[in-house]
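Colleague: Construct all of the structure, not just a fragment, from the sequences and the given hints.
Going by UniProt numbering, the first residue of the sequence shown is number 1, and it counts up by one from there.
Accuracy of the hints is not assured; some may be wrong.
Below, in silico cross-link-like pairs of lysine to aspartate or glutamate (DMTMM-like), each with a Cα-Cα straight-line distance of 25 angstroms or less [claimed, not checked]: (1) 53 to 17; (2) 219 to 15; (3) 219 to 452; (4) 325 to 275; (5) 128 to 35; (6) 252 to 275; (7) 325 to 276; (8) 144 to 63; (9) 144 to 61; (10) 53 to 15; (11) 9 to 85; (12) 252 to 328; (13) 9 to 89; (14) 252 to 225; (15) 219 to 437.
So the derived label-pair ranges between C-beta atoms look like this [as the list claims (entries may be wrong)]: (16) 54 to 423: 46 to 56 angstroms; (17) 217 to 451: 38 to 48 angstroms; (18) 329 to 172: 24 to 34 angstroms; (19) 326 to 28: 49 to 59 angstroms; (20) 10 to 255: 56 to 66 angstroms; (21) 255 to 315: 54 to 64 angstroms; (22) 451 to 315: 48 to 58 angstroms; (23) 28 to 62: 22 to 32 angstroms.
Rather than coming from a laboratory, the hints here were simulated on the basis of the structure.
Treat the numbers as computed from the prediction; the structure is a model and nothing was measured.
Where a beta carbon is used, it is the ideal one built from N, C-alpha and C, also for glycine.
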Amino acid sequence: MSMRAVCYKSHPNYDAEACDSVIKQWPESKFHSSDPASLHSEWSNAGCIPVYKNGTSIYDDPEAGERGCSNDVLPPYVVNATTTDHVVEALRFAAVKNIRLVIKNTGHAGDGRNLGSSSLSIWTHNLKGIELIENFNSTCPNSKDTPSPRMAATVGAGVQDGEMVETLAARNALAVSGTSNDVGVAGWSTGGGHGFATGHYGQGADNILEAEIVTPSGKVVIANECQNEDLYWAIRGGGGGTFGVITSLTVKAYPAPQMVMVAFDTSIKNHTSEDEWYQFIADAHALFPAMQDAGIHGYYTVEGPPSAEALTFSGSLMMFEASNKTYEDAIRPFAKLLRSSNATVAWSLNRLPVNNWQGLLKILPDIGSVSAGHSIRTSRLISRRAVIEKTDKFAAVYKKIGPTKKAPSASSIEPDWQSSFWGPNYARLREIKEKYDPDGLLWCPRCVGSEDWVQRHDVAPPDTWRWPKSEYRPTHAVPPKVIYMVERSTAKI
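Modeller: This is the structure:
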């Protein structure tokens, strides 16, 4: 049962002191990452929610305590995988017993793929281990990624960004990672993986050299350029927990670079119209392609009420292996735009005390927001032509979809997710999925091949855990409430 059960007086595990500890740590990402079942972000309200002594939940639901604690959508059983053999046995057991499987390291997956009522979860969080290899030699002749011995790092599937970054920084090295110390390296990489250094060194998927993977059949394989090449291709952007369970990755590593970093903050002035504001944002975007060509990378956010008091546009810009003069030359057009916008925009542009990669470690966040809200963080791949040549149209569109609008998670409402996420690559990904997982043992929402199955929420507790296709039946008791049953879809794809 979830750790949240300690807050419910009607539950046998009720413990007021333990509940106080849960509520205090609830906003911390690492608290959820270190728990076998708990999740982050919009999924943090799955199952029972911690409640105060008066029965009101931490999300202000006064009836939560009265309803009691339910484990409806969280896996009731978890395999704490600390070795590859544990993963092998879990996969074989699930296949024989016809049990739905989910995979979790930290639980940061925003699409709910770590959820699964009546499922068995393989928790890879404790598959740790980080090894920096100064001279990594590929086993593949004529390798494109490793034409000669190069620096690399091998990390276990449970390693998190902060652990890897800190360990390698102590050796004056880096491997690309995300923007939070808490995110898992393996899941982040297989989904694409963007971060502070990816504009310079390539995304997480681009940096994978090889992987140890347990296939759904329980076979341990190495996937790289010359072994199981199709699987190697699929995991570099095709998503994790779909084609097999990754137990370790070997990724490219680099000497830690020198860097320059600045922060910019802008906000709308009281007399400025929204049209003027969004034209300013469009003008800024028109400068970004040339700045990127000059070597500048970074992140920004555009916010507005209710998450911010006013319309704001802020972010961080950085440049690797550059002198101060080179950076100043590259950022000059952006600084000029800010100065010319004094009449409509309040702004600041400040150099941060970061001169090298190790310095960036000190400002990486450890704590993430965990809420039950419906606001989302989104990113878009916008064409250079759109931001350079059509700034007026870009401004108008940006105003329409601006930060005051709300929407559920994009992945949960995307009608044509196969094309949106993978485009023409989806057909090949489907073939690879069929090859390595013909029975659909590894299923998650909007993952490759997931359209072959449907989730049923309107069924009584079945005598199978997932779908009626196996002669085997589990002997465990099935939770009596909501059942997320998965069965073969009859839709034609």
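Colleague: Hints first: check each against the structure and report whether it holds.
Modeller: Tested hints:
no., hint, verdict
1, 53 to 17, "11 angstroms, holds"
2, 219 to 15, "43 angstroms, violated"
3, 219 to 452, "24 angstroms, holds"
4, 325 to 275, "35 angstroms, violated"
5, 128 to 35, "15 angstroms, holds"
6, 252 to 275, "45 angstroms, violated"
7, 325 to 276, "32 angstroms, violated"
8, 144 to 63, "59 angstroms, violated"
9, 144 to 61, "56 angstroms, violated"
10, 53 to 15, "11 angstroms, holds"
11, 9 to 85, "39 angstroms, violated"
12, 252 to 328, "30 angstroms, violated"
13, 9 to 89, "37 angstroms, violated"
14, 252 to 225, "14 angstroms, holds"
15, 219 to 437, "12 angstroms, holds"
16, 54 to 423: 46 to 56 angstroms, "51 angstroms, holds"
17, 217 to 451: 38 to 48 angstroms, "22 angstroms, violated"
18, 329 to 172: 24 to 34 angstroms, "28 angstroms, holds"
19, 326 to 28: 49 to 59 angstroms, "39 angstroms, violated"
20, 10 to 255: 56 to 66 angstroms, "58 angstroms, holds"
21, 255 to 315: 54 to 64 angstroms, "27 angstroms, violated"
22, 451 to 315: 48 to 58 angstroms, "37 angstroms, violated"
23, 28 to 62: 22 to 32 angstroms, "25 angstroms, holds"
Violation of the numbered hints given earlier is confined to hints 2, 4, 6, 7, 8, 9, 11, 12, 13, 17, 19, 21 and 22; the remaining hints are satisfied by the structure.
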